[in-house]
Amino acid sequence: MSGLECNSKKGYHYWWDNVPGGGDGGGGNDNNNNNNKQLTREESLRLEEESQKVKGSKWNAAQTFEERSYLSWAETTLNEILRRQCKDELWFASEKEHIKSKEVRGGWRRRFLLLSVKKLTGNCSIVLSRGKMKHGLDLETTEFEIKATYTKGEYFDYDDGYVEVDGTFTVPEISIETIADDEFEIRDAKAKEPKEVEDENERKALKEDCELFMKDLKGFVTGACEHLEQKLAEKAND
5 MSGLECNSKK GYHYWWDNVP GGGDGGGGND NNNNNNKQLT REESLRLEEE SQKVKGSKWN
65 AAQTFEERSY LSWAETTLNE ILRRQCKDEL WFASEKEHIK SKEVRGGWRR RFLLLSVKKL
125 TGNCSIVLSR GKMKHGLDLE TTEFEIKATY TKGEYFDYDD GYVEVDGTFT VPEISIETIA
185 DDEFEIRDAK AKEPKEVEDE NERKALKEDC ELFMKDLKGF VTGACEHLEQ KLAEKAND
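Using my numbering, you'd call the opening residue of the sequence shown number 5 and step up by one each time.
FYI, nobody ran anything at the bench for these hints, they're computed from the structure.
Simulated pairs of lysine-lysine, DSSO-like, Cα-Cα distance not exceeding 30 Å:
1. Lys239 to Lys138
2. Lys122 to Lys208
3. Lys194 to Lys211
4. Lys123 to Lys194
What follows is a set of in silico ranges between Cβ atoms, one per label pair, in the way DEER data are often shown:
5. Lys151 to Thr80: 16 to 22 Å
6. Lys156 to Gly227: 28 to 34 Å
7. Glu189 to Asn127: 16 to 22 Å
8. Glu84 to Gly165: 27 to 33 Å
9. Ser133 to Gly111: 55 to 61 Å
10. Asp185 to Arg109: 34 to 40 Å
11. Glu144 to Lys239: 17 to 23 Å
12. Arg72 to Arg109: 47 to 53 Å
13. Gly165 to Gly223: 26 to 32 Å
14. Lys199 to Glu84: 28 to 34 Å
15. Lys156 to Asp242: 45 to 51 Å
16. Arg134 to Lys208: 56 to 62 Å
17. Lys156 to Val131: 51 to 57 Å
18. Thr125 to Lys196: 21 to 27 Å
Keep in mind the model is a prediction, meaning the values are calculated, not measured.
Even for Gly, the Cβ is constructed at its ideal location relative to N, Cα and C.
Model the full assembly from the supplied sequences, consistent with the hints where possible.
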């Protein structure tokens, strides 16, 4: 079956390469296009029904090879995972050892944060090869954005005043291998001084705390990416 289609409101109608010895896909040779014939409606519907019994698109009824990108899905899904984990695990930051809150100069305490990715690049896909679905994940350098909230006083209270410190860091590679081998690296952690804080020393202390904090998020980010890979594997097995 060649890759030519005719648009129709009632579905796809294929051109069938009828060259003898054309192989599993019936594709034959590019020099034999004169042997193509249009399928009848009955043949087209029968082919469509048969192709629905296998995974992949109707182009792939022979279950040979097909790759679909899930990069946009991965970006949306990873941000959803990060938002949920921030709410579940970071709301009361002092309860978690790896994100333990400490008092910063001036009586400020880090309370919780928001974490997100700006844009994913690289490969996130599901491949159909010889009837088997496999997932692949190999993302290039990914930049994460952080917004950490600090308040004054022992207890969290917006009325006592709060500031948000913005920062970014990068992870050079997010892949099935780096997740499995726990080889995540956090690099280029940079935060901005909160302009609304009048005391210069306090501003610098908040910036420094946020940058140190980002370097401790390896386990948190690894867990989120591991969850993403699990969801991708589930899609491949659907």
